[in-house]
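Colleague: One-letter residues, chain by chain:
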Amino acid sequence: AQSVAQPEDQVNVAEGNPLTVKCTYSVSGNPYLFWYVQYPNRGLQFLLKYITGDNLVKGSYGFEAEFNKSQTSFHLKKPSALVSDSALYFCAVRDDQAGTALIFGKGTTLSVSS
Amino acid sequence: ETGVTQSPTHLIKTRGQQVTLRCSSQSGHNTVSWYQQALGQGPQFIFQYYREEENGRGNFPPRFSGLQFPNYSSELNVNALELDDSALYLCASSSTGTRYNEQFFGPGTRLTVL
Chain A
1 AQSVAQPEDQ
11 VNVAEGNPLT
21 VKCTYSVSGN
31 PYLFWYVQYP
41 NRGLQFLLKY
51 ITGDNLVKGS
61 YGFEAEFNKS
71 QTSFHLKKPS
81 ALVSDSALYF
91 CAVRDDQAGT
101 ALIFGKGTTL
111 SVSS
Chain B
1 ETGVTQSPTH
11 LIKTRGQQVT
21 LRCSSQSGHN
31 TVSWYQQALG
41 QGPQFIFQYY
51 REEENGRGNF
61 PPRFSGLQFP
71 NYSSELNVNA
81 LELDDSALYL
91 CASSSTGTRY
101 NEQFFGPGTR
111 LTVL
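As you go down the protein sequences, you meet chains A and B in turn. For the first sequence, counting from 1, position 111 maps to 111 in our numbering; every step adds exactly one. For the second sequence, counting from 1, position 80 maps to 80 in our numbering; every step adds exactly one.
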């Protein structure tokens, strides 16, 4: 069965510092990986995806993610955090057994302090 | 903001009642997926509809049912509500133009079962 894991419930960084939100995955075939962000009382917003190609994927709002096949990881990164980046971040993998549905991790709360 | 809308925003029901949630997909999208997000958890896939047919289903009982209409809007129906059905219900639309398109989420419907 396919799954993703987000090992950290919360990540705290100071504004201006680089941030990393971790995600590892388990799939039986090719991984199709996504990152979404959720602000309070809002739906999920798409940040970026990895389908194939370059291991470094660039997305919205200055975020990027590094795909590492040997470590089965897909960590979300940003060179310089903003207070407005504070939100709940979800890693997801496409579920090949259910159309194009997504399997989500439990989420990581990012808190950026000024 | 995505072009996905959901109604109502909030809903309070009692155990045993039935509820219908509605979703309008983003223009040009022909696939709708529904997810349940319990408090403190990642979204869990309920089912997906493509061209008015169910195209995949997660691990939810039959009392969770759905419809998709010719204009690609969708309904989620839940019968015999239980306390554990209290959650944020998210609708997501996507295009099957390629198999790897990201899903665009609506703001959700917050269901409280008393």
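Hint data in this document are derived by calculation from the structure and do not stem from the laboratory. From the three backbone atoms N, C-alpha and C, an ideal C-beta is built for every residue, glycine too. Check each hint, because a few of them may be wrong.
Output of the computed footprint for chain B on chain A, the stretches with three or more beta carbons under 8 Å from beta carbons of chain B [unchecked claim]: (1) 37 to 44; (2) 100 to 110.
Computed spacing ranges between beta-carbons, pair by pair [stated by the list, open to error]: (3) B:Asn-59 x A:Ser-80: 28 to 34 Å; (4) B:His-10 x A:Leu-82: 39 to 45 Å; (5) B:Arg-15 x A:Tyr-61: 40 to 46 Å; (6) B:Leu-39 x A:Tyr-61: 21 to 27 Å; (7) A:Ser-70 x B:Glu-53: 36 to 42 Å; (8) B:Leu-114 x A:Asn-68: 32 to 38 Å; (9) B:Thr-14 x A:Tyr-39: 42 to 48 Å.
Colleague: Now, for every hint given, state plainly whether the structure supports it.
Modeller: Each hint tested on the structure:
With 4 residues carrying a beta carbon less than 8 Å from a beta carbon of chain B, the segment 37 to 44 of chain A meets the three-residue requirement, and the given coverage holds. A stretch counts as covered by a chain when three or more of its residues have a beta carbon under 8 Å from one of that chain; for the segment 100 to 110 of chain A and chain B the count is 8, and the coverage holds. Taken as a hint, the range 28 to 34 Å is violated for the pair B:Asn-59 and A:Ser-80, whose Cβ atoms sit roughly 41 Å apart. Checked against the hint of 39 to 45 Å, the pair B:His-10 and A:Leu-82 fails, with Cβ atoms roughly 30 Å apart.
The hinted window of 40 to 46 Å between B:Arg-15 and A:Tyr-61 holds, with their beta carbons roughly 41 Å apart. The given range of 21 to 27 Å is respected by B:Leu-39 and A:Tyr-61, whose C-beta atoms sit roughly 26 Å from each other. As the Cβ distance of A:Ser-70 to B:Glu-53 is approximately 39 Å, the hint placing it in 36 to 42 Å holds. Separation of B:Leu-114 from A:Asn-68 is about 46 Å and departs from the stated range, judged on CB atoms against 32 to 38 Å.
Take B:Thr-14 and A:Tyr-39: their Cβ atoms lie about 30 Å apart, and the range 42 to 48 Å is violated.
Hint violations for this structure: numbers 3, 4, 8 and 9, all remaining hints satisfied.
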